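First residue of the sequence shown: 2, per my numbering; consecutive thereafter.
Quick caveat, the hints were computed from the structure, so don't treat them as lab data. Note that this is a predicted model, so its numbers are computed, not measured. Cβ atoms here follow ideal geometry from the backbone N, Cα and C, with glycine treated the same way. Hints should not be assumed to be uniformly reliable.
[As the list claims (entries may be wrong)] Within a straight-line C-alpha distance of at most 30 Å, the following computed DSS-like cross-link-like pairs (lysine-lysine) qualify:
1. 55 with 66
2. 66 with 281
3. 55 with 43
4. 43 with 66
5. 66 with 252
6. 55 with 252
7. 184 with 98
8. 184 with 101
9. 252 with 43
10. 281 with 199
11. 184 with 281
[What the hints assert, rightly or not] Quick list of the computed label-pair ranges, beta carbon to beta carbon:
12. 112 with 278: 28 to 38 Å
13. 285 with 201: 16 to 26 Å
14. 286 with 91: 23 to 33 Å
15. 69 with 16: 30 to 40 Å
16. 76 with 52: 24 to 34 Å
17. 113 with 196: 33 to 43 Å
18. 121 with 16: 53 to 63 Å
19. 179 with 50: 43 to 53 Å
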Amino acid sequence: MQNKKIYSRFFVLPAFVLYTILFILPVLGGLYYSFTNWSAMKPTITFIGLDNYKEIFFSSGSYLKSIYHTLSFTLYTVVFKLGIGLVLALLLNEGLKTKKVLRTVFFLPYMLSPLIIGIIFISILGPDGPLNMVLRFIGLDHLTHSWLTDKNVVLGSTMGVEIWRMVGWNMVIILAGLQTISKSYYEAAALDGAGRWKQFTQITIPFIMPTLMIAMILNMIHGLRVFEIIYALTNGGPGDLTEVINTQVYKEFSMGRYGMSNALSMVAFIFTLIIAYLIKLVSSREEAAS
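Make the full structure from the sequences, and use the hints.
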(Lines of atoms letter the chains of each structure in order from A; the text may use other names.)
(Lines give C-alpha, C1' and ligand atoms only; values in the text may rest on other atoms or scores of the structure.)
Protein backbone atom coordinates (compact mmCIF):
# COMPACT_ATOMS: atom_id res chain seq x y z
CA MET A 2 0.00 0.00 0.00
CA GLN A 3 2.77 2.41 0.88
CA ASN A 4 4.60 1.70 -2.38
CA LYS A 5 1.45 2.35 -4.36
CA LYS A 6 1.04 5.74 -2.68
CA ILE A 7 4.67 6.67 -3.38
CA TYR A 8 4.39 5.68 -7.04
CA SER A 9 1.14 7.59 -7.54
CA ARG A 10 2.68 10.76 -6.13
CA PHE A 11 5.83 10.27 -8.17
CA PHE A 12 3.91 9.96 -11.44
CA VAL A 13 1.98 13.15 -10.70
CA LEU A 14 5.19 15.09 -10.05
CA PRO A 15 6.23 15.80 -13.71
CA ALA A 16 2.78 17.14 -14.54
CA PHE A 17 2.75 19.24 -11.37
CA VAL A 18 6.20 20.69 -12.18
CA LEU A 19 5.13 21.61 -15.72
CA TYR A 20 1.86 23.10 -14.45
CA THR A 21 3.78 25.16 -11.89
CA ILE A 22 6.32 26.44 -14.40
CA LEU A 23 3.90 27.15 -17.25
CA PHE A 24 0.86 28.36 -15.29
CA ILE A 25 1.25 29.05 -11.57
CA LEU A 26 4.51 31.02 -11.79
CA PRO A 27 3.33 33.22 -14.72
CA VAL A 28 0.07 33.94 -12.88
CA LEU A 29 1.94 34.92 -9.71
CA GLY A 30 4.34 37.05 -11.75
CA GLY A 31 1.43 38.77 -13.51
CA LEU A 32 -0.27 39.37 -10.16
CA TYR A 33 2.84 41.03 -8.77
CA TYR A 34 3.40 43.24 -11.82
CA SER A 35 -0.25 44.30 -11.77
CA PHE A 36 0.60 46.20 -8.57
CA THR A 37 3.48 48.07 -10.25
CA ASN A 38 3.90 50.94 -12.70
CA TRP A 39 5.97 48.79 -15.06
CA SER A 40 6.17 50.71 -18.30
CA ALA A 41 8.41 50.91 -21.35
CA MET A 42 8.62 54.66 -20.69
CA LYS A 43 10.04 54.32 -17.18
CA PRO A 44 13.48 52.95 -16.32
CA THR A 45 12.45 51.49 -12.96
CA ILE A 46 9.56 49.32 -11.76
CA THR A 47 7.83 50.78 -8.69
CA PHE A 48 5.24 49.13 -6.49
CA ILE A 49 2.09 51.31 -6.59
CA GLY A 50 -0.43 49.08 -4.79
CA LEU A 51 -4.00 49.20 -6.11
CA ASP A 52 -3.54 52.24 -8.35
CA ASN A 53 -3.94 50.24 -11.57
CA TYR A 54 -7.12 48.61 -10.29
CA LYS A 55 -8.48 51.98 -9.13
CA GLU A 56 -7.89 53.33 -12.63
CA ILE A 57 -9.72 50.35 -14.13
CA PHE A 58 -12.81 50.53 -11.92
CA PHE A 59 -13.05 54.21 -10.98
CA SER A 60 -11.58 56.21 -13.89
CA SER A 61 -13.60 57.74 -16.69
CA GLY A 62 -11.75 55.68 -19.31
CA SER A 63 -13.05 52.80 -21.39
CA TYR A 64 -11.98 50.06 -18.97
CA LEU A 65 -15.40 49.63 -17.39
CA LYS A 66 -16.99 49.58 -20.83
CA SER A 67 -14.65 46.79 -21.88
CA ILE A 68 -15.61 44.78 -18.77
CA TYR A 69 -19.31 45.36 -19.47
CA HIS A 70 -18.89 44.35 -23.12
CA THR A 71 -16.98 41.22 -22.11
CA LEU A 72 -19.68 40.13 -19.65
CA SER A 73 -22.47 40.90 -22.14
CA PHE A 74 -20.65 39.06 -24.92
CA THR A 75 -20.14 36.06 -22.65
CA LEU A 76 -23.74 35.90 -21.41
CA TYR A 77 -25.48 36.19 -24.77
CA THR A 78 -23.11 33.94 -26.70
CA VAL A 79 -23.25 31.21 -24.05
CA VAL A 80 -27.06 31.16 -24.09
CA PHE A 81 -27.30 30.97 -27.88
CA LYS A 82 -24.37 28.60 -28.38
CA LEU A 83 -25.80 26.14 -25.88
CA GLY A 84 -29.40 26.57 -27.04
CA ILE A 85 -28.73 26.17 -30.75
CA GLY A 86 -26.14 23.46 -30.08
CA LEU A 87 -28.73 21.51 -28.07
CA VAL A 88 -31.34 21.77 -30.83
CA LEU A 89 -28.85 20.64 -33.48
CA ALA A 90 -27.64 17.78 -31.29
CA LEU A 91 -31.22 16.57 -30.74
CA LEU A 92 -31.95 16.69 -34.47
CA LEU A 93 -28.73 14.97 -35.50
CA ASN A 94 -29.10 12.30 -32.83
CA GLU A 95 -32.05 10.92 -34.77
CA GLY A 96 -31.82 8.46 -37.64
CA LEU A 97 -31.26 10.98 -40.46
CA LYS A 98 -29.46 9.57 -43.48
CA THR A 99 -27.33 12.70 -43.83
CA LYS A 100 -26.59 13.16 -40.12
CA LYS A 101 -22.85 12.42 -40.48
CA VAL A 102 -22.49 14.96 -43.28
CA LEU A 103 -24.49 17.55 -41.37
CA ARG A 104 -22.40 17.03 -38.23
CA THR A 105 -19.28 17.74 -40.26
CA VAL A 106 -20.82 20.82 -41.90
CA PHE A 107 -21.85 22.35 -38.57
CA PHE A 108 -18.51 21.54 -36.93
CA LEU A 109 -16.33 22.93 -39.75
CA PRO A 110 -16.50 26.62 -38.66
CA TYR A 111 -14.86 25.73 -35.34
CA MET A 112 -11.89 24.30 -37.22
CA LEU A 113 -11.22 27.59 -39.02
CA SER A 114 -8.96 30.25 -37.55
CA PRO A 115 -10.90 33.12 -35.92
CA LEU A 116 -8.72 35.56 -37.89
CA ILE A 117 -9.72 33.94 -41.19
CA ILE A 118 -13.37 33.98 -40.12
CA GLY A 119 -13.02 37.67 -39.21
CA ILE A 120 -11.59 38.53 -42.63
CA ILE A 121 -14.41 36.65 -44.38
CA PHE A 122 -17.16 38.27 -42.32
CA ILE A 123 -15.76 41.77 -42.82
CA SER A 124 -16.78 41.31 -46.46
CA ILE A 125 -20.07 39.57 -45.67
CA LEU A 126 -21.18 42.21 -43.15
CA GLY A 127 -20.00 45.25 -45.12
CA PRO A 128 -22.47 47.93 -46.33
CA ASP A 129 -22.53 46.35 -49.80
CA GLY A 130 -21.82 42.82 -48.62
CA PRO A 131 -23.77 39.65 -49.40
CA LEU A 132 -25.96 39.92 -46.28
CA ASN A 133 -27.31 43.35 -47.20
CA MET A 134 -27.66 42.29 -50.84
CA VAL A 135 -29.86 39.36 -49.81
CA LEU A 136 -31.97 41.58 -47.54
CA ARG A 137 -32.50 44.09 -50.35
CA PHE A 138 -33.33 41.31 -52.81
CA ILE A 139 -36.14 39.96 -50.61
CA GLY A 140 -37.50 43.43 -49.92
CA LEU A 141 -36.17 43.93 -46.39
CA ASP A 142 -34.21 47.10 -47.08
CA HIS A 143 -35.15 48.51 -43.68
CA LEU A 144 -33.14 45.73 -42.02
CA THR A 145 -29.89 46.55 -43.81
CA HIS A 146 -27.08 47.99 -41.71
CA SER A 147 -23.43 48.70 -41.81
CA TRP A 148 -23.09 45.77 -39.46
CA LEU A 149 -19.55 46.44 -38.23
CA THR A 150 -19.76 50.23 -37.89
CA ASP A 151 -23.34 50.93 -36.80
CA LYS A 152 -23.23 51.51 -33.03
CA ASN A 153 -26.66 49.89 -32.59
CA VAL A 154 -25.72 46.50 -34.03
CA VAL A 155 -21.93 46.18 -34.07
CA LEU A 156 -21.57 44.30 -30.76
CA GLY A 157 -24.46 42.02 -31.68
CA SER A 158 -22.80 41.36 -35.05
CA THR A 159 -19.61 40.16 -33.38
CA MET A 160 -21.69 37.96 -31.09
CA GLY A 161 -23.47 36.48 -34.10
CA VAL A 162 -20.19 35.56 -35.78
CA GLU A 163 -18.92 33.96 -32.56
CA ILE A 164 -22.15 31.98 -32.13
CA TRP A 165 -21.91 30.73 -35.74
CA ARG A 166 -18.30 29.70 -35.18
CA MET A 167 -18.81 27.83 -31.91
CA VAL A 168 -22.29 26.32 -32.19
CA GLY A 169 -20.96 23.20 -33.94
CA TRP A 170 -18.49 22.57 -31.13
CA ASN A 171 -21.32 22.72 -28.60
CA MET A 172 -23.39 20.41 -30.79
CA VAL A 173 -20.63 17.78 -30.74
CA ILE A 174 -20.21 18.00 -26.95
CA ILE A 175 -23.95 17.69 -26.31
CA LEU A 176 -24.31 14.95 -28.92
CA ALA A 177 -21.70 12.91 -27.06
CA GLY A 178 -23.81 13.26 -23.91
CA LEU A 179 -27.00 12.26 -25.72
CA GLN A 180 -25.45 9.10 -27.08
CA THR A 181 -24.70 7.85 -23.58
CA ILE A 182 -28.45 7.65 -22.79
CA SER A 183 -29.81 4.15 -23.22
CA LYS A 184 -32.80 3.82 -25.57
CA SER A 185 -34.47 1.59 -22.97
CA TYR A 186 -35.32 4.64 -20.84
CA TYR A 187 -37.31 6.19 -23.70
CA GLU A 188 -38.99 2.89 -24.51
CA ALA A 189 -40.09 2.45 -20.90
CA ALA A 190 -41.31 6.05 -20.73
CA ALA A 191 -43.28 5.60 -23.97
CA LEU A 192 -44.96 2.48 -22.56
CA ASP A 193 -45.98 4.54 -19.52
CA GLY A 194 -47.61 7.08 -21.81
CA ALA A 195 -44.95 9.83 -21.63
CA GLY A 196 -44.90 12.10 -24.68
CA ARG A 197 -41.84 13.57 -26.42
CA TRP A 198 -41.77 16.67 -24.23
CA LYS A 199 -42.08 14.63 -21.05
CA GLN A 200 -39.24 12.36 -22.19
CA PHE A 201 -37.12 15.39 -23.01
CA THR A 202 -37.63 17.09 -19.63
CA GLN A 203 -37.59 13.97 -17.45
CA ILE A 204 -34.96 11.83 -19.20
CA THR A 205 -32.85 13.78 -21.69
CA ILE A 206 -32.15 16.94 -19.68
CA PRO A 207 -31.31 15.19 -16.36
CA PHE A 208 -28.97 12.74 -18.09
CA ILE A 209 -27.10 15.37 -20.10
CA MET A 210 -27.03 17.99 -17.33
CA PRO A 211 -23.38 17.22 -16.41
CA THR A 212 -22.46 17.62 -20.10
CA LEU A 213 -24.37 20.91 -20.29
CA MET A 214 -22.64 22.22 -17.16
CA ILE A 215 -19.19 21.36 -18.53
CA ALA A 216 -20.06 22.99 -21.86
CA MET A 217 -21.37 26.06 -20.04
CA ILE A 218 -18.18 26.44 -17.99
CA LEU A 219 -15.98 26.05 -21.06
CA ASN A 220 -18.11 28.54 -23.01
CA MET A 221 -18.00 31.01 -20.13
CA ILE A 222 -14.21 30.78 -19.97
CA HIS A 223 -13.97 31.17 -23.73
CA GLY A 224 -16.30 34.18 -23.69
CA LEU A 225 -14.40 35.95 -20.93
CA ARG A 226 -11.15 35.38 -22.84
CA VAL A 227 -12.52 36.51 -26.21
CA PHE A 228 -9.97 38.36 -28.32
CA GLU A 229 -9.27 37.01 -31.81
CA ILE A 230 -12.76 37.36 -33.29
CA ILE A 231 -13.17 40.92 -31.93
CA TYR A 232 -9.68 41.90 -33.04
CA ALA A 233 -10.25 40.53 -36.55
CA LEU A 234 -13.71 42.06 -37.02
CA THR A 235 -13.51 45.49 -35.37
CA ASN A 236 -10.31 45.78 -33.30
CA GLY A 237 -12.53 47.06 -30.50
CA GLY A 238 -14.09 49.78 -32.65
CA PRO A 239 -15.75 51.83 -33.83
CA GLY A 240 -14.52 53.93 -30.93
CA ASP A 241 -14.78 51.60 -27.95
CA LEU A 242 -18.15 50.03 -28.85
CA THR A 243 -16.76 46.48 -29.03
CA GLU A 244 -13.81 46.89 -26.71
CA VAL A 245 -13.37 43.83 -24.47
CA ILE A 246 -10.89 43.14 -21.71
CA ASN A 247 -8.39 41.29 -23.87
CA THR A 248 -8.36 43.93 -26.63
CA GLN A 249 -7.62 46.44 -23.88
CA VAL A 250 -4.83 44.17 -22.60
CA TYR A 251 -3.36 44.04 -26.10
CA LYS A 252 -3.55 47.81 -26.57
CA GLU A 253 -2.06 48.57 -23.15
CA PHE A 254 0.77 46.13 -23.80
CA SER A 255 1.35 47.64 -27.26
CA MET A 256 1.67 51.08 -25.64
CA GLY A 257 4.26 49.73 -23.19
CA ARG A 258 1.98 49.95 -20.13
CA TYR A 259 2.86 46.47 -18.89
CA GLY A 260 1.65 47.01 -15.32
CA MET A 261 -1.83 48.05 -16.48
CA SER A 262 -1.88 45.23 -19.02
CA ASN A 263 -1.21 42.71 -16.24
CA ALA A 264 -3.89 44.30 -14.04
CA LEU A 265 -6.51 43.94 -16.79
CA SER A 266 -5.42 40.33 -17.32
CA MET A 267 -5.88 39.68 -13.60
CA VAL A 268 -9.39 41.16 -13.74
CA ALA A 269 -10.32 38.75 -16.54
CA PHE A 270 -8.69 35.86 -14.65
CA ILE A 271 -10.58 36.64 -11.44
CA PHE A 272 -13.93 36.95 -13.28
CA THR A 273 -13.27 33.57 -14.91
CA LEU A 274 -12.49 31.93 -11.57
CA ILE A 275 -15.55 33.39 -9.84
CA ILE A 276 -18.02 32.45 -12.59
CA ALA A 277 -16.59 28.94 -13.05
CA TYR A 278 -16.73 28.40 -9.27
CA LEU A 279 -20.34 29.62 -9.02
CA ILE A 280 -21.47 27.37 -11.89
CA LYS A 281 -19.68 24.41 -10.33
CA LEU A 282 -21.23 25.19 -6.92
CA VAL A 283 -24.75 25.35 -8.36
CA SER A 284 -24.30 22.11 -10.34
CA SER A 285 -22.90 20.32 -7.25
CA ARG A 286 -25.91 21.37 -5.17
CA GLU A 287 -28.30 20.18 -7.89
CA GLU A 288 -26.53 16.83 -8.07
CA ALA A 289 -26.68 16.48 -4.28
CA ALA A 290 -30.38 17.37 -4.24
CA SER A 291 -31.14 14.80 -6.93
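Hints the structure violates: just list their numbers, smallest first. The structure conflicts with hint 18 only, although it agrees with all the remaining ones.
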